[in-house]
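Q: Listed below are the residues making up each chain.
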Amino acid sequence: MNTEIYKESPVVHQPAFIDGHSVEIPILKILKQDGNVYDGADLPEIDQTHATKIYKALAFHRVLDERMVAAQRQGRISFYMAALGEEATSVGGAAGLESQDMIMAQYREQGALIYRGFSLENFMNQMFSNEKDLGKGRQMPIHYGSNELNYMTISSPLGTQIPQAAGYAYGQKLQGKDAVTICYFGEGAASEGDFHAGLNMAAVHNAPVIFFCRNNGYAISTPSDEQYVGNGIAARGVGYGIKTLRIDGNDILAVLKAVQFARQYALKENKPIIIEAMSYRLGAHSTSDDPSGYRTREEEAKYQAHDPILRMKNWMLAQKWWDETQETELFEKLREQVLAAVKVAEKIDKPPVEDLVTDVYDQVPAHLQQQLDALKTHIKKYPQSYPFTAGRIK
Amino acid sequence: MAQMNLLQAINNALDIAMAENDSALCFGEDVGHFGGVFRATSGLQEKYGKARCFNTPLVEQGIIGFANGLAAQGSTPIAEIQFADYIFPAFDQIVNESAKFRYRSGNEFNVGKLTIRTPYGGGIAGGLYHSQSPEAYFAHTPGLKLVVPRNPYQAKGLLLASIRDDNPVVFFEPKRLYRASVGEVPEEDYQLPLGKAEVMQQGSDITLLAWGAQLEIVEKAAELAAKDGISCEIIDLRSILPWDVETVANSVMKTGRLLVSQEAPITAGFASEIAATIQSECFLHLESPIARICGMDTPYPLALEKEYVADHLKIYEAIKHSVNY
Ligand SMILES: Cc1ncc(C[n+]2csc(CCOP(=O)(O)OP(=O)(O)O)c2C)c(N)n1
Numbered sequence: 001m002n003t004e005i006y007k008e009s010p011v012v013h014q015p016a017f018i019d020g021h022s023v024e025i026p027i028l029k030i031l032k033q034d035g036n037v038y039d040g041a042d043l044p045e046i047d048q049t050h051a052t053k054i055y056k057a058l059a060f061h062r063v064l065d066e067r068m069v070a071a072q073r074q075g076r077i078s079f080y081m082a083a084l085g086e087e088a089t090s091v092g093g094a095a096g097l098e099s100q101d102m103i104m105a106q107y108r109e110q111g112a113l114i115y116r117g118f119s120l121e122n123f124m125n126q127m128f129s130n131e132k133d134l135g136k137g138r139q140m141p142i143h144y145g146s147n148e149l150n151y152m153t154i155s156s157p158l159g160t161q162i163p164q165a166a167g168y169a170y171g172q173k174l175q176g177k178d179a180v181t182i183c184y185f186g187e188g189a190a191s192e193g194d195f196h197a198g199l200n201m202a203a204v205h206n207a208p209v210i211f212f213c214r215n216n217g218y219a220i221s222t223p224s225d226e227q228y229v230g231n232g233i234a235a236r237g238v239g240y241g242i243k244t245l246r247i248d249g250n251d252i253l254a255v256l257k258a259v260q261f262a263r264q265y266a267l268k269e270n271k272p273i274i275i276e277a278m279s280y281r282l283g284a285h286s287t288s289d290d291p292s293g294y295r296t297r298e299e300e301a302k303y304q305a306h307d308p309i310l311r312m313k314n315w316m317l318a319q320k321w322w323d324e325t326q327e328t329e330l331f332e333k334l335r336e337q338v339l340a341a342v343k344v345a346e347k348i349d350k351p352p353v354e355d356l357v358t359d360v361y362d363q364v365p366a367h368l369q370q371q372l373d374a375l376k377t378h379i380k381k382y383p384q385s386y387p388f389t390a391g392r393i394k
Numbered sequence: 001m002a003q004m005n006l007l008q009a010i011n012n013a014l015d016i017a018m019a020e021n022d023s024a025l026c027f028g029e030d031v032g033h034f035g036g037v038f039r040a041t042s043g044l045q046e047k048y049g050k051a052r053c054f055n056t057p058l059v060e061q062g063i064i065g066f067a068n069g070l071a072a073q074g075s076t077p078i079a080e081i082q083f084a085d086y087i088f089p090a091f092d093q094i095v096n097e098s099a100k101f102r103y104r105s106g107n108e109f110n111v112g113k114l115t116i117r118t119p120y121g122g123g124i125a126g127g128l129y130h131s132q133s134p135e136a137y138f139a140h141t142p143g144l145k146l147v148v149p150r151n152p153y154q155a156k157g158l159l160l161a162s163i164r165d166d167n168p169v170v171f172f173e174p175k176r177l178y179r180a181s182v183g184e185v186p187e188e189d190y191q192l193p194l195g196k197a198e199v200m201q202q203g204s205d206i207t208l209l210a211w212g213a214q215l216e217i218v219e220k221a222a223e224l225a226a227k228d229g230i231s232c233e234i235i236d237l238r239s240i241l242p243w244d245v246e247t248v249a250n251s252v253m254k255t256g257r258l259l260v261s262q263e264a265p266i267t268a269g270f271a272s273e274i275a276a277t278i279q280s281e282c283f284l285h286l287e288s289p290i291a292r293i294c295g296m297d298t299p300y301p302l303a304l305e306k307e308y309v310a311d312h313l314k315i316y317e318a319i320k321h322s323v324n325y
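Quick mapping for you: the protein sequence lines, in order, are chains X and H.
Anchor point for the first sequence: position 383 equals 383 in my numbering, and the numbering is continuous, going up by one each time.
Anchor point for the second sequence: position 30 equals 30 in my numbering, and the numbering is continuous, going up by one each time.
These are computed hints drawn from the structure, not numbers from a lab.
Model, not experiment: these values are computed from the prediction.
Beta carbons: idealized from backbone N, C-alpha and C, even for Gly.
Misleading hints may appear alongside valid ones.
Unchecked claim - A short list of chain H residues far from chain X (calculated; beta carbon distances all over 12 Å):
hint, residue
1, Gly35
2, Asn55
3, Leu70
4, Ser75
5, Asp92
6, Ile124
7, His130
8, His140
9, Gln201
10, Lys227
11, Glu273
12, Thr277
13, Ala303
What the hints assert, rightly or not - The following residues of chain H were derived to be distant from chain X, with all beta-carbon distances above 10 Å:
hint, residue
14, Ala19
15, His33
16, Gly74
17, Asn107
18, Gly123
19, Gly203
20, Ser204
21, Asp205
22, Ile230
23, Ser272
24, Ala275
25, Ser280
26, Leu284
27, His285
Stated by the list, open to error - Here are the simulated lysine-lysine pairs, DSSO-like style, with alpha carbons at most 30 Å apart:
hint, chain 1, residue 1, chain 2, residue 2
28, H, Lys306, X, Lys394
29, X, Lys381, X, Lys347
30, X, Lys347, H, Lys306
31, X, Lys376, H, Lys50
32, X, Lys381, H, Lys50
33, X, Lys302, H, Lys314
34, X, Lys333, X, Lys32
Take the sequences, apply the hints, and build the full model.
A: What follows is the structure, encoded as C-alpha cells:
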C-alpha cells in the first residue's frame, strides 16, 4: 500500500506547512539570444545536417504562418492559427524524437508536422478543405492529421488528447514498440480535468509519454496569472510523481536536449515525463482574435526580442553552418512556394457529397444511405443552390 | 426603444441583472476584462468589478461546479460556456448535479438561481466543434429548463426571465445571429415568459415549428410556399423545456399539418419528442405525417455544410409534400 511512504516522513509536533511555491524549479537554457552557448551548457546531440534540417523547418513554419494569416485576411481561407514566437517548441520536439513516435498535438504545433515532412500540398489541401484533404474537408483549417507521419488528427475540444496520449503510450509499451508518445498542450488546456486525469493515469500505469506544455502566457485573452497561481504547470508534475523539467521554450537547443532526454527516459524507464516550455504567443490567438483588446504593444515588443528563430540563426551563423545568402534564398524560395501552393489548392474541388456520410461508422448504415439518397435527389432539383456538389452527382 | 444586435441585447440583460442583484455574477473563459470571445460580457467587469465578472481557468466542469456551489449558497451565477460544443466536460455537473440538486435533497438545497449561457449552432463555417446544437442531450434530463431566443428582443426578455427563474436554465444563444440579427429592444427591464411559445405568423395550411436561428430559415421557406398559395403558421417554441404543447397543439388542430425543423441531427432530436406528443394530442386532426427537417445523422461537416444543413429549400420541399400528401 502506498501509505507506507509516510512511515519514512520526518515527524513534527507543530504544524510544518509546505508553501505552494516552496519547490524551486530551475529552467534549462542552453543558447543565448546572440547565438552563443551558455558556459558549461550541455549541448544536445546535433550536427550540421540535423541543425540545417531544423532551421529549414523553422523558416518554413514562419513563412507558412505569415502567408496563411494574409490568405485569411484576403478571404481565401476561413481561419488560421499562427505560432509566431513559439516555433521552437514544436519543431524542436519533433527533432528530438524518432519518426515512429506518436505526436498528439493541441493545434499550434504545425512545426512538428513540418519537421516530419508533411507536404506543402497537404497543408494547403487541409486549409482549403478540398477533396484532397486527408481529413476530407471536415474540420476547420489547421486541424491536420497524418497516419503515415504518426501525427494524430487535431481535435478542437481542449485537453482531450492528454489522457489519450497516456493510453496510446501504454499500448506502445505493452506491444514492445521502440516508440513513445509526445503530447502537446497549452498552459490553458492544462486547467481542464483531462489534464489531471491524463497525468495521473500515465503515472499510475507507467506510460512512456512525454507531456509537453507550451506555456505561452495566454489562453486567448486570459493571462496565465488568471489561469493558475501555483508554480506553473511543472509543479503539477511533481504532485503526480512524474519526472519534471522546465525549459526555455524559445531555445531550440534546450528543447532538443529536453526531448532527446525525455525520449530515452520514457523508453528505458517506461515512465511519463513532463516538460514545461516557457514561451510567449507573439501573434493573435487565431485570425478571429485581436490581442489589442487585452495586452499592450510594449509587452509584445519585449518578447519580440526573444525570437527563437533568430536565436537559432545566430547560432548557425556562429557555427559557420549558415550564411546570409542562404538565408535570403531560403525565405524567397519558401514564399514563392507557399504562394504557388495556395493558388493550386484553392482551385481543387470540394469533397464529393458522398463524403458527408462516410466514416461516421466503418460502413455507411442504411439510414445514412437513405439520407444521402434523399439529399442527392434534392440537390438535382436545385443544382444552382449547391454549386460545389451538384455538377458531380450521377 | 433602441436598435440592438443580439449580443448587445444579451449584454443589456446581464447589465440589468447585475445592477438589480448584488449577488449576480458573470464568469467563464475570457469573460472578464476582454468581455468574452463574442463580447457578450463587454464592460461588465469595468462596471461591477473583478469580484463579480471574471475570467475563470479553462475548465468547463470547474465553471459549472463552481456555479452550482454559488447557486446552492444563494448567489445568482450566470456562467458562460464559450461554445456549446465545449459544454460536455461540464455534462456531469449539469446532468447529475444542477438538474438533481433539488430533487435529491427534498429541496433542502437547490441551484435554482443558476443560469448557463452558451452560443450554439452552425452556419458559420465552424465545422465539427463550433457548430453543434446539443439541446436534446439536456432535454433528456429532468430538472433543467432550456431556452433559445431567435432575435434581440426575445434574447433580452428571455434571458432576464431565465436569470430570475428559480430553476437551473441552460440558455442557448444562436451565435450565427449575434451580430446579424438587429432589432428594436426596449431599454427598460422586461421579461418574456418561459415555457410559452410564440405564434410569429398566422396561417391555415400547415404549422411550421422551430427555435433559435432556425426560424429565419423557416420564414424563408414559408415565403416560397406563400408564392405557391400555401399559408404557413409559424411558431417559435422559445422554451424547449418545459415546452408549450398547448400552443402547438391548438395550431396543428387548426392547420392539420406540422413540420418541425431543427439544426441538430434528426435522430433523437427534440423534434422527435414534439412529433410524438403532437401525433397523440392531435391524431384525428392530422392530414399528413408530421415532418421533421433536421441536420443529417453525421457530425457537423465543414466543406459540405451547405449540403448538410436543414436549409429553406429542404423545408420548402417538405411543406409542399405535406400539403399535397
Ligand atoms: C473544451 C474547450 N473549451 C474551450 C475551447 C475554446 N478555446 C480554444 S483555444 C482556447 C485557449 C487555449 O489556450 P492554451 O491551452 O493556453 O493554448 P494556446 O492557444 O495559448 O496555444 C480556448 C478557450 C476549446 N477549444 N475547448
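Q: Decide, hint by hint, whether the structure agrees.
A: Hint-by-hint comparison with the structure:
no. : hint                : result
1   : Gly35               : 8 Å, violated
2   : Asn55               : 5 Å, violated
3   : Leu70               : 18 Å, holds
4   : Ser75               : 20 Å, holds
5   : Asp92               : 10 Å, violated
6   : Ile124              : 9 Å, violated
7   : His130              : 7 Å, violated
8   : His140              : 20 Å, holds
9   : Gln201              : 24 Å, holds
10  : Lys227              : 15 Å, holds
11  : Glu273              : 19 Å, holds
12  : Thr277              : 23 Å, holds
13  : Ala303              : 3 Å, violated
14  : Ala19               : 24 Å, holds
15  : His33               : 6 Å, violated
16  : Gly74               : 26 Å, holds
17  : Asn107              : 29 Å, holds
18  : Gly123              : 13 Å, holds
19  : Gly203              : 24 Å, holds
20  : Ser204              : 27 Å, holds
21  : Asp205              : 22 Å, holds
22  : Ile230              : 18 Å, holds
23  : Ser272              : 13 Å, holds
24  : Ala275              : 16 Å, holds
25  : Ser280              : 24 Å, holds
26  : Leu284              : 29 Å, holds
27  : His285              : 27 Å, holds
28  : H:Lys306 x X:Lys394 : 19 Å, holds
29  : X:Lys381 x X:Lys347 : 26 Å, holds
30  : X:Lys347 x H:Lys306 : 19 Å, holds
31  : X:Lys376 x H:Lys50  : 54 Å, violated
32  : X:Lys381 x H:Lys50  : 56 Å, violated
33  : X:Lys302 x H:Lys314 : 55 Å, violated
34  : X:Lys333 x X:Lys32  : 28 Å, holds
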